[in-house]
Structure formats: structure tokens, C-alpha cells
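From first to last, the protein sequence lines stand for chains A and B. Under my numbering, the first residue of the first sequence is numbered 1, with each subsequent residue one higher. Under my numbering, the first residue of the second sequence is numbered 1, with each subsequent residue one higher.
In short, the hints are calculated from the structure, not lab data. One or more of the hints may lead you astray.
Stated by the list, open to error - Mimicking PhoX-like on lysine-lysine, the simulated pairs with C-alpha atoms at most 20 Å apart in a straight line are:
#1 B:Lys56 with A:Lys100
#2 B:Lys57 with A:Lys100
#3 B:Lys70 with B:Lys59
Unchecked claim - Short, incomplete list of chain B residues facing chain A, as computed with Cβ under 10 Å:
#4 Gln6
#5 Gln9
#6 Ser12
#7 Ser31
#8 Gln33
#9 Tyr35
#10 Pro43
#11 Leu45
#12 Leu88
#13 Ala92
#14 Gly93
#15 Asn95
#16 Asp96
#17 Met97
#18 Gly100
Computed from a prediction, not measured in an experiment: that's the story for all the values here. The beta carbon of each residue, even a glycine, is placed where N, CA and C say it ideally should be.
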Amino acid sequence: NAGVTQTPKFQVLKTGQSMTLQCAQDMNHEYMSWYRQDPGMGLRLIHYSVGAGITDQGEVPNGYNVSRSTTEDFPLRLLSAAPSQTSVYFCGCRGAMDEKLFFGSGTQLSVL
Amino acid sequence: TQLLEQSPQFLSIQEGENLTVYCNSSSVFSSLQWYRQEPGEGPVLLVTVVTGGEVKKLKRLTFQFGDARKDSSLHITAAQTGDTGLYLCAGAGNNDMRFGAGTRLTVKP
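Just chain A, same shape as in the assembly:
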């Protein structure tokens, strides 16, 4: 039982490049979310989804897109990467009636 799987673990991009951060969960949880973690800032919510086909914006959504076509997958897309998006990204999930968030091990992204 893998829980929450994030790929890749590390990524370096040039300014203007696009990429997708993958997140998959095998716990059949309805709620999934993306956070970024920066020094001194804690985890800030980017986007979240309460179920397949439903997404919504968090605190810092600009520059990021998401989709939720299946319960299992919640990819995060950067259409045109900027140095300000250098961060560690965490994907989380939880059940609809549960507040316990399960996190993946993160993706460390550097934008040069």
C-alpha cells in the first residue's frame, strides 16, 4: 500500500518551461490538495479537489493549473515556470469525513 506517490522527486527547469508534477493515491480518498513549502512560510495551499471533476483555488493558485479526472490522480501543471516557483511541493489526501491529511514525500523544484 503506497499511500501518496509523488513524481519526480527532484526537477530543474529553465524559466518559461512547462512541466507536470504527478500525484497518485491508492487510498480511495475524495479530497486531494497541493501545497508548496518555502523557508519561513510553512505550507501554503495552491489548489485542492473535493472529488473527481471538482477543483478549487487555495491561497496561492497563480501560475498553476490542476485537473481531477479520476479519484486517484491529481496532477499539478506549471505552464510557464518562473524562479518564484522554486519550492518544495507536497501533495496530500484525506477522506471526506476525516481531517487527517496524508502527504507524499514531496517534489523539490528549482527554476533557473
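Given the structure of chain A, go ahead and fit chain B onto it with the hints provided.
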């Protein structure tokens, strides 16, 4: 400005000492959680507190939720080197969890 303010930001102590870290907000939360995060990993839930004034114990860790449900504290008794990590508090919103910046604890042998 963080919705949840954690203090201190950094704490370095000797093994065997006691410590308390704090999580404060001007907002009321339906529940508050404490997570512990190790380098290269995602946060892992330690405890959820729901009722104002609630106290929960997890071995040497004692968690308290303020009466007004705006603040919380984490007390560690006789710290061990294995307690080293980043401690994050998080408050439950309508559809998301909002996190503080964390307290980075180092326990030296």
C-alpha cells in the same frame, strides 16, 4: 502574515530537557492538528484536538487546545534526539487545512 503563528521559529536543546512550542491565531478553528516533518519527507500527523481546553497526551508529548479554540501548545517532556524535526500546526477551514510556518526543533545528545 501567517494565519497561524508558531513560536519559537527555531529551538535547540539538550537531550533530557523539557520544551513547549506554541501555535497562535486570531481565528477560531473547528479543530487544530499538529504534524511532525523530517527532512526529505512530507508532514506526518501527530494529533488532532477538537474541543476547547482539550488536552491530549502521546507518550512524552502533551498537546493542549486553547479554551477559545484559537491557539494550541505542544509540550515535550525529557526530549530525545529522535524528537528532532519540524513541528507544524494546522487549522481546519471549510475545505482545507491552513498551516503555520513551523518550529524547527533540534535535540542534541
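Structure-based check of each hint:
Taking the CA atoms of Lys56 (chain B) and Lys100 (chain A), the gap is about 16 Å. The hint holds against a cut of 20 Å. Taking the CA atoms of Lys57 (chain B) and Lys100 (chain A), the gap is about 18 Å. The hint holds against a cut of 20 Å. Restraint check for Lys70 (chain B) and Lys59 (chain B): the C-alpha separation of about 24 Å exceeds 20 Å, so the hint is violated. A least Cβ separation of about 8 Å between Gln6 (chain B) and chain A falls short of the 10 Å threshold, and the interface hint therefore holds.
Interface restraint check for Gln9 (chain B): the shortest CB-CB distance to chain A comes to about 7 Å, inside 10 Å, so the restraint holds. Contact between Ser12 (chain B) and chain A, as hinted, is not supported at the beta carbon level, the nearest pair being about 17 Å apart and thus beyond 10 Å. Hint status for Ser31 (chain B) relative to chain A: holds, with the closest Cβ pair at about 6 Å, below 10 Å. Of the supplied interface hints, the one on Gln33 (chain B) holds, with its beta-carbon coming within about 7 Å of a beta-carbon of chain A, less than 10 Å.
This hint holds: Tyr35 (chain B) has a C-beta 8 Å from the nearest C-beta of chain A, less than the 10 Å allowed. The restraint placing Pro43 (chain B) at the interface with chain A holds, with a minimum CB-CB distance near 5 Å, inside the 10 Å limit. Using the Cβ-Cβ criterion of 10 Å, the hint placing Leu45 (chain B) at the interface with chain A is satisfied: the shortest such distance is roughly 5 Å. Checking Leu88 (chain B) against chain A by beta carbon gives a least distance of about 6 Å; that is within 10 Å, so the hint holds.
At about 5 Å, the closest approach between the beta carbon of Ala92 (chain B) and any beta carbon in chain A falls short of 10 Å, and the interface hint on this residue holds. Given hint, Gly93 (chain B) at the interface with chain A, holds; its Cβ is 9 Å from that chain's nearest Cβ, closer than 10 Å. Among the interface hints, the one on Asn95 (chain B) holds; its C-beta lies about 6 Å from the nearest C-beta in chain A, closer than the 10 Å criterion. Taking 10 Å as the C-beta cut-off, the interface hint given for Asp96 (chain B) holds, the closest approach to chain A being about 5 Å.
Satisfaction of the interface hint for Met97 (chain B) is found here, the shortest Cβ-Cβ separation to chain A being roughly 6 Å, below the 10 Å cut-off. Interface hint status for Gly100 (chain B): upheld, as the beta-carbon distance to the closest one in chain A is roughly 5 Å, under 10 Å.
Checked against the numbered hints above, the structure breaks hints 3, 6 and satisfies the rest.
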